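So you can see what is in the structure, the chains are spelled out below.
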Amino acid sequence: MEEEKIVRAVKEEVMNEAFEKVLKYLNWMKREIIDVSKDDRVILVLEKIRGYEDKVKVLIKVFNENWLGMMAMLLSREDIRRLGVEERILLQQLLKLSFNAAEFNFALDPEGNVLIKEDIHLAALSFDVFEEEYFAIPSAIKAFREKVLPILKEQKEISENKLREIIDDLYT
Amino acid sequence: MREVIRMIEIVEAYPFVKVLKYLTLLQKKFEKTQGGVVVIEEIDGEEYKVVIKYLKPWIRIYLPLGNLKDFPEEKRNEVMEKLLQLTFEYAEVSFGIDEDGNIFAVEDIYQEALTMDVFEEEYGAVPFAVELFKKEVMPLKEGK
Numbered sequence: 674m675e676e677e678k679i680v681r682a683v684k685e686e687v688m689n690e691a692f693e694k695v696l697k698y699l700n701w702m703k704r705e706i707i708d709v710s711k712d713d714r715v716i717l718v719l720e721k722i723r724g725y726e727d728k729v730k731v732l733i734k735v736f737n738e739n740w741l742g743m744m745a746m747l748l749s750r751e752d753i754r755r756l757g758v759e760e761r762i763l764l765q766q767l768l769k770l771s772f773n774a775a776e777f778n779f780a781l782d783p784e785g786n787v788l789i790k791e792d793i794h795l796a797a798l799s800f801d802v803f804e805e806e807y808f809a810i811p812s813a814i815k816a817f818r819e820k821v822l823p824i825l826k827e828q829k830e831i832s833e834n835k836l837r838e839i840i841d842d843l844y845t
Numbered sequence: 011m012r013e014v015i016r017m018i019e020i021v022e023a024y025p026f027v028k029v030l031k032y033l034t035l036l037q038k039k040f041e042k043t044q045g046g047v048v049v050i051e052e053i054d055g056e057e058y059k060v061v062i063k064y065l066k067p068w069i070r071i072y073l074p075l076g077n078l079k080d081f082p083e084e085k086r087n088e089v090m091e092k093l094l095q096l097t098f099e100y101a102e103v104s105f106g107i108d109e110d111g112n113i114f115a116v117e118d119i120y121q122e123a124l125t126m127d128v129f130e131e132e133y134g135a136v137p138f139a140v141e142l143f144k145k146e147v148m149p150l151k152e153g154k
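Residue numbers (the working numbering), protein chains in the order written: chain A, 674 to 845; chain B, 11 to 154.
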């Protein structure tokens, strides 16, 4: 029992340390942090996409003692339906871009929303690794908008509430 | 001038020298090829060839898993959907397809971020992706 307690405390310590590191890195990188939840170890960052006016929310979460995840939503299931996008073309384009560009990991969540995600093992968490993985997100969004969306039809706005809802559900 | 060029060549080759060292430390069976390295992995009794290339400034690790055309036409959307779902579900697992429909497990490491810990983590995701592919995607071949 005592042993279990110690293991749990060590795991907590590892996660807290990683969380503090990420906050420090984001400050070094001068990113626009809009929300920090120490209890959930979640950070929300507003990221500008080069060449575009709008900003995208990037969620960063230390979700266990091994992994840190970063993600941003590209298209909700709803948007896909509204856009009348042909599923086959969307899936094909996402997988092609994942293959053709370094460090672009497009994904589909259980609800069918399209996301870009990056993961870092906590043992490999250093500033250089974090910086590289973090910036892959806005780059992937830019590439998605410029290479995939034109193929799919006109771009539509993604609802804020939907994003929040999805973010709340992630990794729970 | 020739010395400077030689020095640049050495510096540019350094990330790949590191990869060779890491593969040796991980006791992997590998052979050098013209464009990179091929690592022989045995997964569930089957032999797979993991390719590692230095595409400056990236180290790319990938493994061909088959072609979309290997699956019944009516199942191809499901295959692609599954690949993207697995990317979501599992940390560091990533799939892609090329212009010809070939399916790959793929990982990239930025040369500045190349350390043994990062390499081990990224490389390890490839054999794991094979296991997932066999378990979750291959059954679709039989129209299941």
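Do not rely on the hints blindly, as some may be mistaken.
Taking lysine to aspartate or glutamate pairs in the EDC-like style, the calculated list, with each CA pair at most 20 Å apart, reads [unchecked claim]:
| hint | chain 1 | residue 1 | chain 2 | residue 2 |
| --- | --- | --- | --- | --- |
| 1 | A | K815 | B | D118 |
| 2 | B | K92 | B | D108 |
| 3 | A | K820 | A | E726 |
| 4 | B | K92 | A | E784 |
| 5 | A | K769 | B | E130 |
| 6 | B | K38 | B | D108 |
| 7 | A | K694 | B | E122 |
| 8 | B | K39 | B | E57 |
| 9 | B | K66 | B | E152 |
| 10 | B | K92 | A | E760 |
| 11 | B | K59 | B | E88 |
| 12 | B | K92 | A | E726 |
| 13 | A | K769 | B | E41 |
Since the hints were derived computationally from the structure, they do not count as laboratory data. A quick note: this is a predicted structure, and the numbers were derived from the prediction, not measured.
Evaluated hints:
| no. | hint | result |
| --- | --- | --- |
| 1 | K815/A / D118/B | holds (19 Å) |
| 2 | K92/B / D108/B | holds (17 Å) |
| 3 | K820/A / E726/A | holds (18 Å) |
| 4 | K92/B / E784/A | holds (13 Å) |
| 5 | K769/A / E130/B | violated (25 Å) |
| 6 | K38/B / D108/B | violated (27 Å) |
| 7 | K694/A / E122/B | holds (19 Å) |
| 8 | K39/B / E57/B | holds (11 Å) |
| 9 | K66/B / E152/B | violated (40 Å) |
| 10 | K92/B / E760/A | holds (13 Å) |
| 11 | K59/B / E88/B | violated (26 Å) |
| 12 | K92/B / E726/A | violated (33 Å) |
| 13 | K769/A / E41/B | violated (28 Å) |
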